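Colleague: Each chain, letter by letter, is given below.
There are 2 protein chains.
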Amino acid sequence: MSASGEVARTPALSYYAVIFTSCRTEGDRGYGAMADKMAALAAQQPGYLGMESARGADGLGITISYWRDEASIAAWKHDTEHQQAQRGGQQTWYADYSVRVAKVERAYGQPAK
Amino acid sequence: MSASGEVARTPALSYYAVIFTSCRTEGDRGYGAMADKMAALAAQQPGYLGMESARGADGLGITISYWRDEASIAAWKHDTEHQQAQRGGQQTWYADYSVRVAKVERAYGQPAK
Chain A
1 MSASGEVART PALSYYAVIF TSCRTEGDRG YGAMADKMAA LAAQQPGYLG MESARGADGL
61 GITISYWRDE ASIAAWKHDT EHQQAQRGGQ QTWYADYSVR VAKVERAYGQ PAK
Chain B
1 MSASGEVART PALSYYAVIF TSCRTEGDRG YGAMADKMAA LAAQQPGYLG MESARGADGL
61 GITISYWRDE ASIAAWKHDT EHQQAQRGGQ QTWYADYSVR VAKVERAYGQ PAK
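Just so you know, the protein sequences line up as chains A and B, in that order.
Positions 1 to 113 (our numbering) are the ones given, in order, by the first sequence.
Positions 1 to 113 (our numbering) are the ones given, in order, by the second sequence.
Hints in this document: simulated from the structure, not taken from any laboratory.
These numbers come from a predicted model, not from an experiment.
Misleading hints may appear alongside valid ones.
Heads up, the list lumps identical chains together, so a pair's fine if it works in one copy or across two of them.
Unchecked claim - Distance condition first, Cα-Cα at most 30 Å in a straight line; then the derived DSSO-like pairs of lysine-lysine:
{"no.": "1", "residue 1": "103", "residue 2": "37"}
{"no.": "2", "residue 1": "37", "residue 2": "77"}
{"no.": "3", "residue 1": "103", "residue 2": "77"}
All chains, full assembly: derive it from the sequences and hints.
Modeller: Put into structure tokens, the structure is as follows:
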């Protein structure tokens, strides 16, 4: 899924990360448009904190979305348009994928130079 | 950092994820060789469970390493060669980065088709 191409700025701990790792099937078949739409829709959900996304030349993609709590993750998972996209992912777009829900316990970033 | 280009197979819960997100500076300047070396070295550490890595065309990279427990994460963080690489990252290779340590609480993957 698309994101801003920047390291996400997330608030003070704790919060949750949903780690979505995938290998794409061949061809676009509507994937790009869906991914852009889902990224925009996720950003409108209550509890959304940010997203980071990258797909390498070898086809492996990682999208991490950050959320305030488990309830906001569950609500987004059950969003009607998101559920349609999940079915499309299982049936068409992904050869393989994994979803991991994790509680961020520590975080640190780039120190001042 | 390089990885196998596959979704990592991780064991039954719980375990930890170290989410490393970065924006690269211009030019290689030894980055590729260091990244390959660190991926190989990490895989030899006690408690290492797997790694997923992707860098998109916009320059944002995400590397997630999975670990059995906090102790194995701490030991890898303080490995001498890894510490040299961390200094190189701060001084040379990364324009921005973030490290998040998270406990994986739930996981699910591709259902049978």
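Colleague: Work down the list of hints and note, for each, if the structure agrees.
Modeller: Each hint tested on the structure:
In the homo-oligomer, the alpha carbons of residue 103 and residue 37 lie at most 30 Å apart both inside one protomer (26 Å) and across protomers (29 Å), since each shortest distance falls under that limit. With identical chains, the CA atoms of residue 37 and residue 77 are at most 30 Å apart within one copy only, with a shortest distance of 15 Å there and 38 Å across copies. For the identical chains of this complex, residue 103 and residue 77 are neighbours both inside a copy (17 Å) and across copies (20 Å), given an alpha-carbon limit of 30 Å.
In terms of the numbered hints stated before, the structure departs from none.
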